[in-house]
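S.K.: Just so we're aligned, residue 304 is where the sequence shown starts under our numbering, counting upward by one.
Don't take each hint at face value.
[To be verified] Restricting the straight-line Cα-Cα distance to at most 30 Å, the calculated cross-link-like pairs of lysine-lysine (DSS-like) are:
(1) 469 x 396
(2) 361 x 308
(3) 446 x 368
(4) 361 x 446
(5) 368 x 479
For the record, the hints were derived by calculation from the structure and aren't laboratory data.
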Amino acid sequence: MAQYKNLIPNWGDESSNMGGIAQIGYFMPVGEIQTWSAPVANATGENKFVHSQAFVPKTGGGFSKFYTTPEVGELDLAALGGRDAGGWDGSVKIFVPGNTKELNYLANVCRSDAFVALIPDNDGTLNQLGDPGHYVAIKLDYKTGPITTEHGRGYNGELMVKQPFKLLYTGAIPLKPAE
304 MAQYKNLIPN WGDESSNMGG IAQIGYFMPV GEIQTWSAPV ANATGENKFV
354 HSQAFVPKTG GGFSKFYTTP EVGELDLAAL GGRDAGGWDG SVKIFVPGNT
404 KELNYLANVC RSDAFVALIP DNDGTLNQLG DPGHYVAIKL DYKTGPITTE
454 HGRGYNGELM VKQPFKLLYT GAIPLKPAE
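Can you make the complete structure from the sequences, with help from the hints?
M.R.: This is the structure in structure tokens:
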């Protein structure tokens, strides 16, 4: 049986509810994952949806970082389904300035790959998008914009997932080794 607690904000605790996401997020192809993150063993209540056991990447694998312009960066986890079933429809909007060969490569090959992503709120709370049965898709569109554009040329992107649970991540972030 579910156990509900009071949902009153902690006013006066100096926390921030600033919108948007942090300017640095993380993504990893699912093919690089040796062991998926998980909650602690026998987790109950709210701890069932907090993954504190870290991802373990395969040798040479790990999370890559991405940057987003703060005016564009946004995470939306919309409720999915009806009264008797539900889940989450996740979307992350990003803008990465520039047109480097690395961005060009990612834009061309990411469309046919599957990922997991860690998206920090502006207060540092990490949201995990993707799980062993539900993968993140990444789509990048290149645009120059007009001369007067606010952000300049670069890639508008979206990370998309449909998953049964909203997950928080508190484990270590294993980064891809430097090349």
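S.K.: Between residue 446 and residue 368, does the CA-CA distance stay at or below 30 Å?
M.R.: Holds: residue 446 and residue 368 sit about 21 Å apart, inside 30 Å.
S.K.: So if I understand the rule, the pair passes when the alpha-carbon distance is 30 Å or less; does residue 361 with residue 446 pass?
M.R.: violated, 35 Å
S.K.: Need the status of pair residue 469, residue 396: alpha-carbon distance at most 30 Å?
M.R.: Given that 30 Å is the threshold and the Cα spacing comes to 18 Å, the pair holds.
S.K.: Do the alpha carbons of residue 361 and residue 308 lie within 30 Å of each other, as the hint requires?
M.R.: Given pair residue 361, residue 308 is violated - Cα atoms ~39 Å apart, limit 30 Å.
S.K.: Quickly compare the C-alpha distance for residue 368 and residue 479 to 30 Å and report which way the hint goes.
M.R.: Answer holds: residue 368 to residue 479 is near 9 Å, not above 30 Å.
In terms of the numbered hints stated before, the structure departs from hints 2 and 4, listed from lowest to highest.
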